[in-house]
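Trainee: Chain by chain, the residues:
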Amino acid sequence: KNEVEQSPQNLTAQEGEFITINCSYSVGISALHWLQQHPGGGIVSLFMLSSGKKKHGRLIATINIQEKHSSLHITASHPRDSAVYICAVAPSGTYKYIFGTGTRLKVLA
Amino acid sequence: EPEVTQTPSHQVTQMGQEVILRCVPISNHLYFYWYRQILGQKVEFLVSFYNNEISEKSEIFDDQFSVERPDGSNFTLKIRSTKLEDSAMYFCASILFGAGEQFFGPGTRLTVL
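Chains A and G, in that order, are what the protein sequence lines are. In this text, residue positions in the first sequence follow the numbering used here: the first is 1, and each later residue adds one. In this text, residue positions in the second sequence follow the numbering used here: the first is 1001, and each later residue adds one.
These are calculated hints, taken from the structure and not from any lab test. Even glycine gets a Cβ: it sits at the ideal position worked out from N, Cα and C. Treat each hint with caution, since some may be false.
Quick look at which bits of chain A chain G covers, simulated, 3 or more residues with Cβ under 8 Å [stated by the list, open to error]:
| id | region |
| --- | --- |
| 1 | 40-53 |
| 2 | 94-108 |
When the alpha-carbon atoms are kept at most 30 Å apart in a straight line, the in silico DSSO-like pairs for lysine-lysine are as follows [as the list claims (entries may be wrong)]:
| id | chain 1 | residue 1 | chain 2 | residue 2 |
| --- | --- | --- | --- | --- |
| 3 | A | K96 | A | K55 |
| 4 | A | K96 | G | K1078 |
| 5 | A | K68 | G | K1057 |
| 6 | A | K53 | G | K1042 |
Work out the full structure: start from the sequences and follow the hints.
Mentor: Now the structure itself:
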């Protein structure tokens, strides 16, 4: 069983739609990261969460530590949001990260 | 804006050869990481490094791998005798403190023939 599960694996949306990507994990964590990987392969950090909710522009990330679940929301999606979104967790007491398999998002104009 | 840099961007090598992948983390960061991503697969943790020593390593990081911070700025990953299955994108990342935001380098694509 994967320690970090993301859903959906693939998502196609129309421009302007509200998008939700989910991440569930099975271990206690000290932090959870949402990352964006562009088609060229580069990885950009979007959020680092240990509790609650963060917002940056059209992106919102939430985490529920008790339920071991996090969501990434994109409001008013745009074709430039097309990328792979990756959830990664830092298990408590370790210096490693466990990555989800990613959600491939395509936003159509 | 400070950034993590990696060289080379693409390395092609013959099986059995040694390769060194180089990273320059953000200058005041304290924690350094190497990850790999085999084509079409998820990113995998290799090793974390803090205070000039390995903090944690994965099962992938066997005796063929080593890391070094030789001069206080570069952070290198050495693969002693490359195998075909080492072909992947290798990412370096740095963090200012333990559970902070990760800054990733652009990656080195390693192709082993």
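Trainee: So, for every hint listed, does it hold in this structure?
Mentor: Cross-check of the supplied hints:
no.	hint	result
1	40-53	holds (count 7)
2	94-108	holds (count 9)
3	A/K96 x A/K55	holds (25 Å)
4	A/K96 x G/K1078	holds (19 Å)
5	A/K68 x G/K1057	holds (24 Å)
6	A/K53 x G/K1042	holds (25 Å)
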